[in-house]
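**Q** Sequence:
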Amino acid sequence: MIDKLDEKFRPCVGAMIINDKSQIWIGKRITKIKKEGLEEISNYKDRKLWQMPQGGIDPGEKPEEAIFREVYEETGLKDIKILAVSDHWYQYKIPKTILNNYKGKFVGQTQKWFLLQHLGNDNDVNLVPDENSGNYQEFTDWKWENPEKILDQVIDFKTETYKKVFKEFKNIRML
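Residues are numbered in this note's numbering as their position in the sequence shown, beginning at 1, plus a constant of 13.
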């Protein structure tokens, strides 16, 4: 379970998944999801739809459990290991144009970030969840990207968090 956090921010985990070349896995968000309210993300330019995997922590779930679940749900990857965990929680507010997704419950997210090593191969990626899982597809495409090219592809309200996460994990990622 997680320590007491600001209840206005949804507790989440974020995954910086790296390959053997220290490139980072990013996925291209679906712009129209069959889930109430999520269509609004399509207002953003196509180049700003890329992101690292992330998702909510279920009640009673530990962040370490949530990260493996979220990575599998969003990417299909199972063969990963934790290299590092962020020292603290990162927080950002979500623009009002997207807040309808949370139906007024949250104003943003607070995230514990994990640096993960992908141990398998690229064929392990599966962006389409099992239809009986209750999960929906979040990405239409994916790629390995060099860190210096990622920020220009990420939605604006996440870039500061990404900069901080990149800085925190930089020395570990280069090993």
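Rather than coming from a laboratory, the hints here were simulated on the basis of the structure.
All residues carry an ideal CB built from backbone N, CA and C; glycine is no exception.
Honestly, I wouldn't trust all of these hints.
Stated by the list, open to error - Cross-link-like lysine-lysine pairs, in silico, PhoX-like; alpha carbons within 20 Å at most: (1) LYS94 with LYS34; (2) LYS21 with LYS94; (3) LYS162 with LYS34; (4) LYS21 with LYS156; (5) LYS21 with LYS118; (6) LYS106 with LYS34; (7) LYS109 with LYS34; (8) LYS176 with LYS61; (9) LYS34 with LYS118; (10) LYS176 with LYS162; (11) LYS94 with LYS106; (12) LYS61 with LYS75; (13) LYS183 with LYS106; (14) LYS118 with LYS41; (15) LYS21 with LYS162; (16) LYS162 with LYS94.
As the list claims (entries may be wrong) - Distance ranges between label pairs, derived from CB positions: (17) PHE170 with ARG82: 34 to 42 Å; (18) LYS94 with SER146: 21 to 29 Å; (19) ASN145 with ASP92: 33 to 41 Å; (20) ASP71 with ASP33: 12 to 20 Å; (21) ASN145 with GLU74: 16 to 24 Å.
**Q** Each hint needs a verdict: does it hold in this structure or not?
**A** Each hint tested on the structure:
{"no.": "1", "hint": "LYS94 with LYS34", "result": "holds, 16 Å"}
{"no.": "2", "hint": "LYS21 with LYS94", "result": "violated, 31 Å"}
{"no.": "3", "hint": "LYS162 with LYS34", "result": "holds, 15 Å"}
{"no.": "4", "hint": "LYS21 with LYS156", "result": "violated, 33 Å"}
{"no.": "5", "hint": "LYS21 with LYS118", "result": "holds, 7 Å"}
{"no.": "6", "hint": "LYS106 with LYS34", "result": "violated, 32 Å"}
{"no.": "7", "hint": "LYS109 with LYS34", "result": "violated, 38 Å"}
{"no.": "8", "hint": "LYS176 with LYS61", "result": "holds, 15 Å"}
{"no.": "9", "hint": "LYS34 with LYS118", "result": "violated, 40 Å"}
{"no.": "10", "hint": "LYS176 with LYS162", "result": "holds, 12 Å"}
{"no.": "11", "hint": "LYS94 with LYS106", "result": "violated, 29 Å"}
{"no.": "12", "hint": "LYS61 with LYS75", "result": "violated, 30 Å"}
{"no.": "13", "hint": "LYS183 with LYS106", "result": "violated, 24 Å"}
{"no.": "14", "hint": "LYS118 with LYS41", "result": "violated, 26 Å"}
{"no.": "15", "hint": "LYS21 with LYS162", "result": "violated, 32 Å"}
{"no.": "16", "hint": "LYS162 with LYS94", "result": "violated, 24 Å"}
{"no.": "17", "hint": "PHE170 with ARG82: 34 to 42 Å", "result": "violated, 24 Å"}
{"no.": "18", "hint": "LYS94 with SER146: 21 to 29 Å", "result": "holds, 23 Å"}
{"no.": "19", "hint": "ASN145 with ASP92: 33 to 41 Å", "result": "violated, 22 Å"}
{"no.": "20", "hint": "ASP71 with ASP33: 12 to 20 Å", "result": "violated, 31 Å"}
{"no.": "21", "hint": "ASN145 with GLU74: 16 to 24 Å", "result": "holds, 21 Å"}
The structure is inconsistent with the numbered hints 2, 4, 6, 7, 9, 11, 12, 13, 14, 15, 16, 17, 19 and 20, although it conforms to all the rest.
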